[in-house]
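*Asks:* Here is how the chains run, residue by residue.
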Amino acid sequence: MSEPLPRRVAVTGIGVVAPNGNGTDAFWKSTEAGISVLDRITREGCAHLPLRVAGEVRDFAAESAVEERYLVQTDRFTHFALAAADRALDDAGLGRAYTEAAPFSVGVVTAAGSGGGEFGQRELQQLWGKGSRFVGPYQSIAWFYAASTGQISIRRGFKGPCGVVASDEAGGLDALAHAKRAVCRGTDAVVAGSTEAPLAPYSMVCQLGYPELSTETDPARAYRPFTEAACGFVPAEGGAMLVVEGERSARERGVEVRAWLAGHAATFTGAGRWEQSRDGLAHAIRGALAEADCAPEEIDVVFADALGVPDADRAEALAIADALGGHGRRVPVTAPKTGIGRGYGAAPVLDVAAAVLALQHGVIPPTPNVFDICHDLDLVTERARAAEPRTALVLSRGLMGSNSALVLRHGATKIP
Amino acid sequence: MSDTITVEELAELMKKAAGVTVAPEQLKQKYDSGFDTLGVDSLGLLGIVGELENRYGTPMPPDAERSKTPRVFLDQVNSALLAGA
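Chains as they are written, first to last, in my numbering: chain A, 769 to 1184; chain B, 156 to 240.
To be clear, the hints were calculated from the coordinates, so they are not data collected in a lab. As the structure is a computational prediction, the values presented were derived from the model and not from experiment. There's no promise every hint is true.
Derived BS3-like pairs: lysine-lysine, alpha-carbon spacing no greater than 25 Å straight-line [what the hints assert, rightly or not]:
1) B:Lys171 to B:Lys223
2) A:Lys898 to B:Lys170
3) B:Lys183 to B:Lys223
4) A:Lys898 to B:Lys171
5) B:Lys170 to B:Lys183
Cβ-to-Cβ under 8 Å is the rule here; a few derived chain B residues that face chain A [as the list claims (entries may be wrong)]:
6) Gly174
7) Val175
8) Gly194
9) Gly205
10) Glu208
Selected chain A positions facing chain B (Cβ under 8 Å, derived; list incomplete) [unchecked claim]:
11) Gln841
12) Arg901
13) Phe902
14) Tyr906
Ideal Cβ positions, reconstructed from N, Cα and C, are used throughout, including at glycine.
From just these sequences and the hints, can you work out the full model?
*Replies:* In structure tokens:
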């Protein structure tokens, strides 16, 4: 109780289930190589829908990753979360023996956008096809957005502070900030992140209402932000979970600080108001820099939101210039999500995973499928760029109006 | 389908509704064990009751879903089936 509360909060573990890699190493290899895995959607019941291209997770065997009693009561988005959480905890060296001895020292925060649409659709089909007596009891817990937080906590016995953030795509960054605040209030570690599974008929129909969605059928042309031909975004499933941990706890356990979560800020400018998102995003960047005590020139790489709609792309490019000044036009910018898909709340968490790996490997991954851009940005395209980034800025905007920014510092950064 | 619910059917229901795999022989040995120790929580038991009601077309007693052990559960549901037959 008399220990000082932590001032610095780290990422000590990463777990990924992504369309371009089932596991962190596979994810980084594909991301660094700039491989695009966008493809025609193969899910049953979806072929007649206008959304044709997405990033699917095709090599994930839920039955190998999750016990059956959890599988029956959860949707695919939670299967991803349970698997990614296990991997992040393994990566951080937080085994069951440790966490079972101190259950209140670990919490869980996830961000959710599309929830358990596939599970919900199945139960609703029972309701309208056969009657209410044929709806199973797990419908009450499987499809709502907090399911992943709850099940990760239950399965691993984590009794620390838990929560769920629902602020669309930007929520992925906000969940990490929420986790950081919990750590600063005394929790040793928080499993934080987001996984989504929006590729089932009901979920896809929900997305068809977004004017920003790309209905282009050629995977190489469907999602090309910052270009003249930008025609929207395509979704992805999967995501990432991180272990967010206080400095003291990480040092005591002798684990590597993969990166520092140095600063975050969030603003709101309204649904689909892309022109206005310029100010909102610039404001969020300034707030994150301030919390990180970071000057604009210190940013070595920007992981962009990259919505892929001309107004939104323009607003983002201008926001970067507004907030980072002249440096904004020179700093390397990248958006690996053009090779993966833009996985709603999971997208910025995958960006954070890629950013941490970029800091550790000294390499900036490229933006697949994008070649000639029409904005004043140094977008890294075609191949990865060798660099020694020490500080990364990750940006994310929600379709419904949230704008968030997160600053990461290299793990070896000393306290000033 | 027989007109009483056997331990075999209970094992089958536990797998289908709650994702818990236990061989009928093992389940017989755990007749008086708590459902929670077998890995079946309250929602799981509710699912088993719902499935039985749909299979046999007869309502189960309200206490069935609150049964603590397989023995109590089977006694309850088999009494209901006998009464409804």
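*Asks:* Does Glu208 of chain B pass the interface check with chain A, least Cβ-Cβ distance below 8 Å?
*Replies:* holds (7 Å)
*Asks:* Can we keep the Gly205 of chain B interface hint, with Cβ of chain A closer than 8 Å?
*Replies:* holds (7 Å)
*Asks:* Are Lys170 of chain B and Lys183 of chain B close enough, with their CA atoms no more than 25 Å apart?
*Replies:* holds (15 Å)
*Asks:* Restraint: Val175 of chain B near chain A, CB-CB cut 8 Å. Satisfied or not?
*Replies:* Interface hint status for Val175 of chain B: holds (5 Å vs cutoff 8 Å).
*Asks:* Given the hint that Lys171 of chain B pairs with Lys223 of chain B, does the C-alpha gap stay at or below 25 Å?
*Replies:* holds (19 Å)
*Asks:* Does the closest beta carbon of chain A sit nearer than 8 Å to the beta carbon of Gly194 of chain B?
*Replies:* holds (5 Å)
*Asks:* Given the hint that Lys183 of chain B pairs with Lys223 of chain B, does the C-alpha gap stay at or below 25 Å?
*Replies:* Judged against 25 Å, a Cα distance of about 15 Å means the pair holds.
*Asks:* A closest beta-carbon separation below 8 Å is what the hint needs, so does Tyr906 of chain A meet it against chain B?
*Replies:* Holds. Min distance 6 Å.
*Asks:* Does the interface hint hold: is Phe902 of chain A within less than 8 Å of chain B, judged Cβ to Cβ?
*Replies:* Holds. Min distance 6 Å.
*Asks:* Keeping to a limit of 25 Å between CA atoms, is the pair of Lys898 of chain A and Lys170 of chain B held or broken?
*Replies:* At roughly 22 Å apart (the allowed maximum being 25 Å), Lys170 of chain B and Lys898 of chain A satisfy the hint.
*Asks:* Holds or violated: is there a CB of chain A closer than 8 Å to the CB of Gly174 of chain B?
*Replies:* Cβ of Gly174 of chain B sits 4 Å from chain A, so the hint holds.
*Asks:* Taking 25 Å as the top limit, are the C-alpha atoms of Lys898 of chain A and Lys171 of chain B close enough?
*Replies:* holds (19 Å)
Hint compliance for this structure: every hint is met.
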